[in-house]
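Taking the hints into account, I'd like the entire structure generated from these sequences.
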Amino acid sequence: MSDIVESTGPAEGGSRPGDGADHLDHVRPRGVAGTAGRGSTGGRWGTARGPRPRHLSWSGLGLAVPGIALTAVSPTVLPAPGWVCFLAFAAGLAVAYAGVARLCRGAFGGSFDLMFWLCLVWLVVLVLAALLAPVLPLGEYRDIAKTIEAPAMAPPALFSEHPLGTNNFGLDLLARIVYGARASLLVSIGAVAIGMVVGGAIGILAGFFRRLTDTVVGVFTNSLLAVPPLILLIALGTVLEPNLRNIAIALSLLALPSMIRMARAGTLTFAQREFVLAAKAMGASRWRVMVRELLPNVLLPLASYGMVIVSVLIVAEASLSFLGLGIQPPDPSWGNMIAEGEGNAFQDHPHIVLVPGVTLFLTVFAFNLIGEKARKRWDPRQAKL
Amino acid sequence: MARGVLKRLAEIAVVLFVVSVGTFALVDLTPGDPAITVLGEGHTPAEYAALREEMGLNDPFLVRYGSWLGSALQGDLGASLIPPNSDVAERIAAALPVSAEVAVLGLVMALVVSVPLAMWSAYHADGRVDRIISAGTFGVLSVPSFLAGLLIIMVFSNQLGWFPRAEWVRLGEGLGGNLYHAFLPALTIALAETAMFTRILRGDLITTLQEDFILAAKAKGMPAARVLFSDALRPSSFSLITLLGISLGRLIGSTVIVEYLFALPGMGTLIIGSADKGDFPMVQGAVLVIALIYVLANALIDLSYGYLDPRIRRAHV
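Protein sequence lines correspond, in order, to chains A and B.
Going by our numbering, the first sequence opens with residue 1, and the numbers climb by one from there.
Going by our numbering, the second sequence opens with residue 1001, and the numbers climb by one from there.
Any given hint could be a false lead.
Sample of chain B residues at the chain A side, in silico, Cβ under 10 angstroms [claimed, not checked]: (1) F1146; (2) L1150; (3) A1219; (4) I1252; (5) V1283; (6) V1295.
Some chain B residues well away from chain A (every beta-carbon gap over 12 angstroms; in silico) [as the list claims (entries may be wrong)]: (7) F1017; (8) E1053; (9) D1059; (10) E1101; (11) V1113; (12) G1149; (13) K1220; (14) A1224; (15) F1229; (16) S1230; (17) G1249; (18) L1251; (19) K1277; (20) D1279; (21) F1280; (22) L1303.
By construction, these hints were calculated from the structure, which means they are not laboratory data.
Quick reminder that beta carbons are idealized off the backbone N, C-alpha and C, glycines included.
Pasting the structure below:
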């Protein structure tokens, strides 16, 4: 949880042993007031508590067991209206989380970040499911003709044939979620990859050659930034065929300006450094300086930014598909699945919206959390924004 | 300062020029054909050729761009391809106030909520409430605006029936009704912005609250609220102002989605409807107008640093 809750001291973003060498020119003065005035605040999150032998946290166990029990019981057995069930479920989840977090801190040391690992597990499961979708025993996700027999709008029931329910054509929602993840992840990660390669290359060129190249690239990035992201996507959606490749290219335009700017800024800083001078003095060609000296240094912040922007792109793709300009039904995407629930369907069958909605939320949350952690780790200058 | 402003204006002009070429070329470089959009199915080749000639589609790119830009500069953005072929500029002029109102209302709501929230959070940093606020805002940031909008509609208009959906009362027809209808859309927009503003402002406030002048103010015995509002807020607002510029793009995006969800007659509905039907002049005009507003707003935000921070005022902008 420690990454959701921002730390207090201004010294946090400054320097940290280990990566300090790369950011010497940006080290901020350590806030004396920050560390002295609130010396004891870290204790809650374990780091300042000092080493403590591994132990079984009884209070954690006491919270975890009833929490998990409540979570399991509330949606199925509890004889109460929907709102009460939902609240009980949420409360059970919170209690179980608090308990398991204590247990894990006891077992793995005080700095164990349960939320981080949960997010990681979720993403790994999602990616694996997306990769293995064709061989998994899933229901029908696309072909309406095959689901005439299947119940339409079946509510989620964990141990039935359709664990997450079906939509109005009787298509299995779990299968659609998994295939939607396939499309969503493919498009977003593809877009980040395109953005990183193209943006990184353009940024390094602009930062290395300066002068005219830099000016032209600057005007180009500013112009891309001059159109709000979603508007740009809609404008492109007007003219492009909505297939996965085109959507990935359109999304990569969102990642491009920041990638270019970061690569350029990194190049400007590193081009002044001694190792670049040394390489030049040894007669390295410009190409070699860019690829062997600058690229490895510029790449790391780009990669951690890539982690952050993946979630933005997933949301952008979902929004586009929700508006009917992205991935077209019957091919599933989380966005167009949520769009199915617009109007009255949502009222009578909330699971149509909630199943893809919760999946989308969890995925975006996981990417945000992990991205935040990655950014704090590798790019402390930007930790705040 | 004057030179800085001039330089900035020149940059804006160049950027807008590139954007206008881009939006114009977008239509040109892609497989869609405006003439086919107009004719629809079932036309003869002769009709098609005549229409292309009439619309000037056979002229070279630069000639067409020049004439489009020429009339755009005079406020004429052409006519829609879809019957009743209404004037693009007129449609935009009718739609823009709706979008602007919803977006501004959302922004104001976000500021009104996030400033006190951030102050409480920063003043009691690492307290229980602070941690709940931090975790809550992080969670809210992970909810896409269309999902938030759907849930809000579900709860407030479908379940509780407090607010209407898919209705709009223009500002001219009464302020009360107008605000009543704008509330839910604005709330949807405000959610994500509130979370973002709170997080940023909290971070800056915590830094500011450790400065000596805050200690001095506290030592003089000034009440906490006074210290926070009159001493700490202004020096803490730079990141927030920068963020306003960055989040403006997201704000416009969520406004588009919210209008679509609530069926408001704004720019978003206009642009999505036109995009669906391949109405190129409408999309071109709308994108150009939105880009113009976006760029100008960002420039204004840059200038406002000078107002907030005297150190920047003396340096070049």
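Hints, verified against the model:
Look at F1146(B): its Cβ gets to within about 5 angstroms of chain A, closer than 10 angstroms, so that hint holds up. The beta carbon of L1150(B) is positioned within 10 angstroms of a beta carbon in chain A (closest approach about 6 angstroms), and the interface hint is therefore held. At its closest, the beta carbon of A1219(B) sits 14 angstroms from a beta carbon of chain A; the interface hint therefore is violated under the 10 angstroms criterion. A cut of 10 angstroms between beta carbons decides the hint on I1252(B): the least distance to chain A is about 4 angstroms, and the hint holds.
For V1283(B), the interface hint holds, the least distance from its beta-carbon to any beta-carbon of chain A being 5 angstroms, beneath 10 angstroms. Interface restraint check: V1295(B) against chain A, minimum CB-CB distance 5 angstroms, threshold 10 angstroms, status holds. Some Cβ of chain A comes within 12 angstroms of the Cβ of F1017(B); the nearest lies about 9 angstroms off, and the non-interface call is violated. No beta-carbon of chain A comes within 12 angstroms of the beta-carbon of E1053(B); the shortest separation is about 22 angstroms.
The beta carbon of D1059(B) sits about 20 angstroms from the closest Cβ of chain A, which is more than 12 angstroms, so the claim that it is off the interface holds. In this structure E1101(B) is separated from chain A by more than 12 angstroms, as the shortest Cβ-Cβ distance comes to about 18 angstroms. Separation of V1113(B) from chain A is adequate, the least Cβ-Cβ distance of about 19 angstroms exceeding the 12 angstroms criterion. For G1149(B), the requirement that its beta carbon stay farther than 12 angstroms from each beta carbon of chain A is not met, with the minimum near 10 angstroms.
Every CB of chain A is more than 12 angstroms from the CB of K1220(B) (nearest about 18 angstroms), matching its label as outside the interface. A cut-off of 12 angstroms between C-beta atoms confirms that A1224(B) is not in contact with chain A; the least separation is 16 angstroms. With a closest Cβ-Cβ approach of about 21 angstroms to chain A, F1229(B) is found to remain outside the 12 angstroms limit, as its non-interface label requires. In this structure S1230(B) is separated from chain A by more than 12 angstroms, as the shortest Cβ-Cβ distance comes to about 21 angstroms.
Not every Cβ of chain A is farther than 12 angstroms from the Cβ of G1249(B); the closest lies at roughly 4 angstroms, contradicting the non-interface assignment. Against the 12 angstroms criterion, L1251(B) falls within the reach of chain A, whose nearest CB is about 8 angstroms from its own CB. With a least beta-carbon separation of about 9 angstroms from chain A, K1277(B) fails to lie farther than 12 angstroms from that chain, contradicting its non-interface assignment. The Cβ of D1279(B) does not lie farther than 12 angstroms from every Cβ of chain A; its closest approach is about 8 angstroms, which violates its non-interface assignment.
Taking the minimum C-beta to C-beta distance to chain A, about 7 angstroms, the non-interface status of F1280(B) is violated against the 12 angstroms cut. For L1303(B), the non-interface assignment is confirmed: its Cβ lies about 17 angstroms from the closest Cβ of chain A, beyond the 12 angstroms cut-off.
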